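Asks: With the hints as your guide, set chain B onto chain C.
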Amino acid sequence: MSSLLPFGAGAWLFFCCYLCSLLLLGWLGRKARKEDSLQDFYLAGRGFGFIVLFLTLYATQYSGNTIFGVTGATYRLGFAWLISAHYMLAIIVFYRTYAFKLQALARERGYVTPVDYVRDRFGSKTLCTIASLVMIVALNNYLLAQLMTMGRALQGLAGPAGDIAYNYGVVALALIMLIYGTLGGLRAIAWTDVIQGAVLFVGFLVLLLLMVIQFGPLSAATEVIAQSASAEKLQRPGPNMLRQWLSYILLVGIGAALYPQAIQRIYSARSARSLRQSFATMAFMPFFSVLIAIVVGIYALAYVPGLEGAAADQVLASVLRIVQEQSLFGYALVALIFSAVLAALMSTADSAMLSISSMFTKDIYAVYIRPDADESELTRLGKRCSWVVVGLLSLLAILLKEQTSLIGLIDRKFDVLVQLAPAFMLGIHWLGLRTGPVLIGVVLGLIIALTLAFGPFTFVIEGKVWGFHPGLYGLVVNLLCAVLGSLWITNRQAAIEARPAVG
Amino acid sequence: MREFPNLHRAHRLWVTATYLVLLVLLIPWYWPEDNTAQLFGFPLWALTSLGVLFITSLFTAWLCLRETFEEDAGR
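Residue numbers (the numbering used here), protein chains in the order written: chain C, 928 to 1430; chain B, 67 to 141.
For the record, the hints were derived by calculation from the structure and aren't laboratory data.
Predicted model, so just to flag it, every value in this text is computed and none were measured.
C-beta: ideal position from N, C-alpha, C; glycine also.
Please note: incorrect hints may appear among the correct ones.
Unchecked claim - With the Cβ distance kept under 8 Å, some of the chain C side facing chain B (calculated, not the full set):
hint	residue
1	F1006
2	L1009
3	V1020
4	L1136
5	I1140
6	P1144
7	L1145
8	S1146
9	A1153
10	L1161
11	R1163
12	L1169
13	W1172
14	R1200
15	A1207
16	F1211
Extracted from the complex, chain C is given alone in its bound form:
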């Protein structure tokens, strides 16, 4: 593999040490397990303190997309992609609406999967199944995207041998992730997240340093853009983009706050205090990660102009190649950043993998196929499920290598995930929220979101209606149905109780 990439033996030794440390942590996580139970495997015995919880939340929330996607989007749209910093903070704001109460409930009632809360709160098998399917579909999509980005990370640096490097990248990284993930469960994944989160944090700071050393101050880059054909990318966005700005804040803020892997980290907190401290620290992370990725995108726009399409999405790799060729110091820093990219991708993908397996075993298999299965059997099945899911998605990632438009088409995860917001964010506070209206609301919301997203409508432009994502239109109807329906039922019951008895 080293012959395909412009890295020497020293860099590859560094990568191998890094990847071996992940395997070692997987083994240590297995040794540290206290019992053969779902709670121990999927929630690490609910023992995460502030440092581990913060770094695992950070490594999970900031994915490969944060580095590659944000840089690429900034390259295409300019400063307008400050949107991404805003929606990353919005996720924390929306967590705050329900996470602390959910953590207390999860500890008291032994929740393992997000759907355990839905089951306990609403007691509806149909609602639970819909919630499970929505979350599993959204996560599979997310995991596939991470696997494809793993391949692209190597492809971008490999030059002419990119196609082979892509396949190697997907298979090798997925295999390592599977081994440590199934060895030690969430405990191993969170421990690897500590390393990955630290590497990611340092990597972002190094990336900023590297840009300033290589290209000079940001003001010079902005000046270059101002004199170029891309000058409009410095201007305030137009009305449609401003509407999209609001839409992204709401859709990603609500949707990502409902990611199952994030909810399971809420469950795994040792105390409400460690959870609060973690979220308080996370509130500042957009400045140390997304903002840096935006700045790198601006440097790329100034000094690597003219890229379009998929090349624009991989502009970070192009920038890194330039830096790498300049000096030994630049080469070493690029190796570190490459490790950070791998860290971001693997820490997000492994969490998604574990969540999918937990929901399949506990919410589908244990409910519909073998209700009498014991915890040991479910844990074993969960591990097998991880191998099957990641194996199939890796194959799909290789087959869909060139199908970027297809991936864009199925990338509607937030549009469907936000439909669960009333059940989680409202249901946990308001006892008056009734099961029936919530169920009907979710179904209506999903129908509206998916119909608008995939239907042949001329008023849907670039997947949005008047600048707003289809999922938000679905959510408005969903929310109205849940709230008004619950109020109507409550008033009707009150009227029946108040009616004087006849005879």
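Replies: Only chain B this time, still in chain C's reference frame:
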């Protein structure tokens, strides 16, 4: 369905109102579209938006930690 406790009161109105004001200020609709003045390499509209984002971060962190402070004071 087991009995489900009503653990806490709903969010206070002022927290929601503050977030709404911050949201209105975050999105730079109030800047003229053709204003290209810059500071530290950032267009002024982007820098203002980042400033409001930082205030939002501070407010969110304070809200998260407030209950921890109250717990400590209670002890």
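Asks: What hints, given by number in increasing order, does this structure fail?
Replies: Those not satisfied are hints 4 and 5.
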